[in-house]
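Engineer: Listed below, chain by chain, are the residues.
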Amino acid sequence: MEWDDDTLRRFREGTPEVLAEVYRAHAEPLARLLKAAAWRGAFVRLRNAMELENTLLETFARAFEPRTRAAYNGTRPYAHFLMGIARNVLLEQSRERELVGRDEAFEGLTESSPEDGGLAELLEDREVEALLAAFKGGLSREEHRLFELRFGEGVAQEEAATALGLTRIQVRRREFGLKSRLLGFLQSKGYLEDLETQGWSFFKRRGAR
Amino acid sequence: MSGCDDRRAKQAMAALFEKGRDGLDADGFERLRAHLATCPECQETYTRLSRVESVLEQRALPQARSALLEQALFARLQPAPARPVVVAERKRWFSFPLLMPLSLGAAAAAVALLVVAPSLERREQGVPEWQARSSAPGEGAWGVRAFCIAPTGTVLAEARPGGTLACAEGNAVQFSYTAPERVRLSLEGLPQAGGEALRFFPSEGTAPEVAAGVDVPLPFSTPVQSGWLTGPVPVRARFSDAQGRTVADTQVTLTPR
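Chains A and B supply the protein sequences, listed in that same order.
At position 166 of the first sequence (counting the first as 1) the number is 166 in full-length UniProt numbering, and the numbers step up by one without a gap.
At position 156 of the second sequence (counting the first as 1) the number is 156 in full-length UniProt numbering, and the numbers step up by one without a gap.
Simulated from the structure, these hints should not be mistaken for lab results.
There could be a bad hint or two in this list.
Stated by the list, open to error - Within a straight-line C-alpha distance of at most 30 Å, the following computed BS3-like cross-link-like pairs (lysine-lysine) qualify:
1) Lys19/B x Lys189/A
2) Lys136/A x Lys19/B
3) Lys19/B x Lys35/A
4) Lys136/A x Lys35/A
5) Lys189/A x Lys136/A
6) Lys189/A x Lys35/A
As the list claims (entries may be wrong) - Not the full set, but computed from the structure, chain B residues with beta-carbon under 7 Å of chain A:
7) Glu18
8) Lys19
9) Leu36
10) Ser50
11) Arg51
12) Val52
13) Ala60
14) Leu73
15) Leu190
As the list claims (entries may be wrong) - Just so you have them, the derived chain B footprint on chain A, three or more residues with Cβ under 8 Å:
16) 12–20
17) 25–33
18) 59–71
19) 123–130
20) 177–183
Glycine included, each C-beta is placed from N, C-alpha and C at the ideal position.
Take these sequences, add in the hints, and give me the full structure.
Structural biologist: Next up, the structure:
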């Protein structure tokens with residue numbers, strides 16, 4: 001995003017629209033950086049989605065505090081500014097966990113090289129990709145096309161509806177059906193086997209088709 | 001791994017996966033996050049579902065989760081009406097940007113004049129440096145004092161540990177602490193009329209470490225406005241060590257003038 005004088009002024013004033021714009025422009029790149037760091041062996045706890053999201057939330061909450069907003073000059077890349085805050089958040093969290101004797105923050109830091117971490121992530125992604133490919137193999141032609149449009153190409157529902165000759169509501173319903181079946185499929189293949197405990201009736205109801 | 005029987009959490013995760021942001025509202029997301037914080041099994045499931053979404057969307061942070069996090073972020077940034085330490089209120093009190101540091105400086109200087117000077121005087125009288133600021137000098141080394149400060153920076157009133165500070169609307173409350181060693185400090189007010197606890201320091205998060213010192217002013221004042229000080233508010237100052245154990249506990253009561 002562009003940091004002109006007006007944007008910087010409104011950012012410093014805490015204008016919600018500008019804060020939202022900053023969040024949307026930087027949340028994904030920051031998540032990507034943190035995840036990459038986690039898979040390289042630093043802050044491995046960030047491989048846990050909840051931990052990653054908590055760190056993102058805390059980082060942006062601090063970044064949007066009035067004093068922190070005032071400290072940003074609009075010249076330095078905001079991503080760097082944000083990463084500095086994220087680093088502080090992570091180190092504080094690590095210190096807190098260490099103090100109470102349950103620190104796992106740097107686990108793997110000495111055991112894994114960056115290549116090892118990258119490979120582990122790649123292997124996990126490959127596993128998911130293989131499952132998705134298998135799932136798509138069982139779809140009808142129309143379902144496959146919808147799946148590709150919505151999830152492969154990231155086309156909006158409206159556009160997907162036009163391309164498939166459906167209404168947006170129909171696309172929405174079919175998409176929901178596909179996701180439900182995917183959930184059941186992942187369950188049947190053991191990817192989500194930990195879910196197979198008492199109470200997971202929503203999976204058992206649907207199952208893999 | 002032991003099974004988790006929280007069906008609502010599981011349904012929430014499934015709904016988030018199946019319907020994206022339409023599957024979960026902000027409250028539902030907060031409830032799910034609260035459950036995840038205490039349930040490693042569901043954390044694992046949440047992570048696995050996130051990974052599938054990430055691969056599908058080619059994103060590190062799936063869009064639905066990003067949107068819900070955005071809502072959570074703005075809910076957190078939103079000042080609660082009864083909380084005294086909020087950005088908007090401070091901004092209103094120090095309405096002129098340039099005046100803010102000046103006003104803070106003036107407040108801190110006023111506190112320093114009133115507080116540091118007497119502390120030097122006491123030392124000359126032979127009172128040990130770390131035992132000058134309690135309600136009963138010579139008995140306590142830890143303490144928090146409160147000051148009522150006018151917008152001009154003039155100190156209108158003060159209260160020692162165990163005392164009461166009366167402060168009128170339009171002025172600000174400033175705290176200072178005395179600690180003989182580096183320690184974690186938190187100040188929390190508990191309105192006797194009930195309602196949400198008022199966090200004076202820190203405004204968010206866990207108690208931060210503060211340096212050792214005598215009558216060290218906290219970095220900001222709290223404006224008395226928006227009706228948070230309509231009755232007695234006992235403010236508990238808790239000094240704790242790195243392990244979270246309480247080192248000292250003291251109280252000052254704030255009342256409206």
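Engineer: Identify whether the interface hint at valine 52/B stands, where standing means a beta carbon of chain A within less than 7 Å of its own.
Structural biologist: holds, 6 Å
Engineer: Check, residue by residue, whether the region 25–33 of chain A contains three or more positions whose beta-carbon lies closer than 8 Å to a beta-carbon of chain B, and give the verdict.
Structural biologist: holds (count 4)
Engineer: At a threshold of 7 Å, is the proposed contact between leucine 190/B and chain A supported by beta-carbon distances?
Structural biologist: Status violated, d = 24 Å.
Engineer: Does lysine 35/A sit within 30 Å of lysine 189/A, going by the straight-line distance between their CA atoms?
Structural biologist: holds, 26 Å
Engineer: With the threshold set at 30 Å, check whether the alpha-carbon distance from lysine 189/A to lysine 136/A stays at or below it.
Structural biologist: The hint holds at about 14 Å.
Engineer: Min Cβ distance, glutamate 18/B to chain A: is it shorter than 7 Å?
Structural biologist: Given a least distance of 4 Å, the restraint on glutamate 18/B holds.
Engineer: Do three or more residues from the region 12–20 of chain A put their C-beta atoms closer than 8 Å to C-beta atoms of chain B?
Structural biologist: holds (count 4)
Engineer: Mind checking the alpha carbons of lysine 19/B and lysine 189/A for me, to see if they're no more than 30 Å apart?
Structural biologist: holds, 22 Å
Engineer: Min Cβ distance, arginine 51/B to chain A: is it shorter than 7 Å?
Structural biologist: holds, 6 Å
Engineer: Against chain A, with CB atoms and a cut of 7 Å, does the hint on alanine 60/B hold up?
Structural biologist: Holds: closest Cβ of chain A sits about 4 Å from alanine 60/B, inside 7 Å.
Engineer: Does leucine 73/B pass the interface hint, meaning its C-beta sits closer than 7 Å to a C-beta of chain A?
Structural biologist: holds, 5 Å
Engineer: Restraint: serine 50/B near chain A, CB-CB cut 7 Å. Satisfied or not?
Structural biologist: With a minimum Cβ separation of about 4 Å from chain A (threshold 7 Å), the hint on serine 50/B holds.
Checked against the numbered hints given earlier, the structure breaks only hint 15 and satisfies all the rest.
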